Amino acid sequence: MPSRFKLSATATLAALALLGASCGSSAGDAPTVEGAAADIVSGECVGANGETVTIYSGRTENLIQPILDAFVCETGVDVQVRWGDSADLALLLAEEGDASDADVFLSSSPGPVGFLEGEGLLGTLDADTLELVSADNQASAGTWIGFSGRKRVLVYNLDNVADGELPASVLDLTDPAYADRVAIPATNGSFEDWFTVFRDTEGNDVATQWINDMAANGARTYPNNRSIVEAVGRGEIDMGLVNHYYNYQESAARGDEHRAENFDFAAEDIGSLLIITAATKLESSEHSDTANALIQYLLTPGAQTYFTQETFEYPLAAGIDPADVLPPLVALEIGSVDFDSLGGGFADTERIIQESGILNN
Amino acid sequence: MPTPNESFRKVASSTTSAERSTSLPTSPRGLRWTSAILAFLFAFPAIYLVWRNITSDTDPFGVLFTRRTLDPLRRTLVLAVLVSATTAVVGTVLAWLTTRTDLPGQRLFRTLLPLPLVYPTFVGAAAFIRTLSPGGIASDLLGTIGLDGTIELRGLFGAWLVLSLFTYPYVYLPVAARLRRLPGSIEESARLLGDTSWNAFRRVVLPQISSAIATGSLLVFLYAVSDFGAVQLMRYDTLTRAIWTTRLNNQQVSLALSLVLLVLAGTSVGAERFLERRFTNPPSTKVGRPLQFRLGRAKVASFGLVALVVFLGLIAPAVALGDWAITGIIRDANGQRDLFLSASDIWVPARNTALASAITAFAAVLAVLPIAQLVTRHRSRVGEVANGVVISTFALPGLLVALAVFFWTGEFAWARENLRGTLLILIFAYVVRFGSQAMGSTQVAVASVPPRLDDAARMLGASRVRRFLTIDIPLMTPGLLAGAGLVLLATMKELPITLFVAPFDFPTLTTKTFTNFEDAFIAEAGIYALVLVALSALLTWLLVLRRSDHRF
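Protein sequences appear in the order of chains A and B. For the first sequence, the working numbering begins at 1114 and goes up steadily by one. For the second sequence, the working numbering begins at 25 and goes up steadily by one.
Don't read these hints as lab results, they were simulated from the structure. All figures in this text were calculated on a predicted structure; none of them were measured in a lab.
Per label pair, the in silico range of CB-to-CB distance:
hint, chain 1, residue 1, chain 2, residue 2, range
1, B, 178, A, 1151, 38 to 46 Å
2, A, 1271, B, 178, 18 to 26 Å
3, A, 1376, B, 297, 52 to 60 Å
4, A, 1193, B, 178, 37 to 45 Å
5, A, 1151, B, 291, 52 to 60 Å
6, B, 291, A, 1431, 58 to 66 Å
7, B, 501, A, 1329, 56 to 64 Å
8, B, 74, A, 1151, 49 to 57 Å
9, A, 1151, B, 375, 25 to 33 Å
10, A, 1325, B, 85, 26 to 34 Å
11, A, 1318, B, 79, 29 to 37 Å
12, B, 375, A, 1157, 27 to 35 Å
13, A, 1325, B, 222, 51 to 59 Å
14, A, 1193, B, 316, 54 to 62 Å
Chain A is nowhere near these chain B residues, computed Cβ spacing over 10 Å in every case:
hint, residue
15, 51
16, 60
17, 77
18, 83
19, 86
20, 106
21, 109
22, 128
23, 216
24, 221
25, 286
26, 443
Just so you know, even glycine gets a beta-carbon here, dropped at the ideal spot from N, CA and C.
If we strip away everything but chain A, and leave its shape as in the complex, we get:
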């Protein structure tokens, strides 16, 4: 019997150990950070203080977790995150209404934040947070703030596209020279946001004509930016309209096998728009101060440096320079289009894109 007892005891202990290991270190000791998170931390790690902040994040786990780890380390606040597509999370938040657990919502584009603002679910950020970012990159009502920027570019295949072939303006892509060669993430949030600004600045007729012509010119719809960058890198399609930073990540992942580079349209061209990723605090949050602290943390030099050095985005907090590999932002005046003013523009955007027939291309 003793041997059997020993065996089952060992098994139980092993199971508990595994369970414990998988549950992670939840409370008590000061956490330690390593890797990318350690570079973000400016001070010392502190022990858990019993506070919790709940985030609904449309920014993906791989790329933002180091900042959250650093935040946990420096503040002792426990962070719990619901990951997902920004638009889906916005819908869930609207469905929960005041009953939501969420304190903070991080969106990968302005559209979902605008939707929640329309639903009246957003709280107001503290003044000391808002002052970290220029007035162009936040809501005039102080309900949300941009914390990183992605520039719209044309990614192209190095083998299939000659240097002189690339156009100065996104409007030129309707030319027969680009027939069947351009990929568009027509159902993607950042593209819809871009198209909405396009309609607003260049006029509804110009934008509608453009998307119709693109469809007629054989532009193809891909599910998202990432799949376009990957397909262009393999030569499946020659070029595509995307956010700039995916190409840096794909190059990092695949090295020389990835045969694509970004091309910037002319500085003043609508094709060079800067799209921001936005952070906001829910009106119903019961941890308003912690929520504010977390959003503020995204704008600290450590976090902003991480965004530009590791994920190749444009920092939005004053005083942090973009990574050397990124072309300087000359189009900032266009990039800072007031997303506030667009209001219900997104519904028409979605309809115009659908009616162009490009989704079947």
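Given the structure of chain A, go ahead and fit chain B onto it with the hints provided.
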């Protein structure tokens, strides 16, 4: 004068219909109430959808008769009909070849054939697209032998191919389970009386498995109707895609289109039930081994066919995933780029996936069993409605089920405090989403219990519980396990409900595959997806196949 075969067929069918009519007494009240309550629980996403359509003042009819809706609706129907017809044929042929013939390698094939069901369509479609396009492994291989291997998979063809390859097990599994329990004696007699083997199959076997084919094809139909991953990647603009693209900015349209989807699902379930009543669903008497058909000269071709399906549906996508994984591992080893994961990163999602899907599989079978009994053994309106609710819920997008959970748990303080973010509510949402997958097999299982056995046991004084445990359960086991297997595989690859309804910090292999894929961490995505495939193979074998086979 009727030929021997015709009169024989009449005898066969008259016995079954006689048994059938005696097996449909009025239903016990307890069973009716249980089924009604279960149906109500299963209906919670549908109730939410109707409620939201009313409160959001949508205009389903106005939305329906616009080109924006009719074109996607037409594409949805074309795709779903093609895919379900294809899988009905392929699934039946595969089932017959692996259960009733001397095909070599049957045991292995029986383990492998259900597995394509485990690929989430976004993984499967992406694997095909990337493998066949320039720079993909298949394209490269074909290139080295001088062929232009660049095939652009897209549109109806691409969506049809991918969905057919990843859904035929819905037909294969119940039909194989049925064939395994089917007495060979009638078929044998038909052959003895001079029927060719094809005629014997058509006249004797086919009528007896047609209800299993119909239930399986219905699931495929609803799967194709509700799929988003494949149509999105293949750029085929169906109803689900319209629902998805309008969900945030044109919520009224999205809700109205979802309602159209639900009505479409309800209609097809009704149509299937109408057909179902015309099929005989004979009890299995299990006289000796089922008839084994000698393939003879067709053996090589048959083996080739089954192997081709396994290759396209299981091995080719796995090779593509392996290619991504190995590329990443080599780059890691060369110090070019570190992999963003370690062994412990895989253990937690694997454990979560196994735990949640295994519990869901058995909970789903338990949840649909009363309804299956009511529908199969009794003539009951409650049973028909409950069955319709369970099955048509499958057509609703997972995101809608998640939204419904958020809505109801937000409405009621008790649910908010006690249910939100728990494993319990996750399992519940999974069961609601996938209960339909267990329903068909469970009904076939219930029908396979001959009522006269039960009558005999009752006359001998056995209690209801004892009869259930000693007669029903053993006879139903293969069918119930087949149902559980389908739920298991579906749950393992589920994405939206897992992302949104699960407890915080509850990653699964599918959510990990998805997020890594989205971040262009292709190697990591490939590794997680391969672990998912391996784990589902292991679990299917451990929990389902091993047990359903050993009594064969």
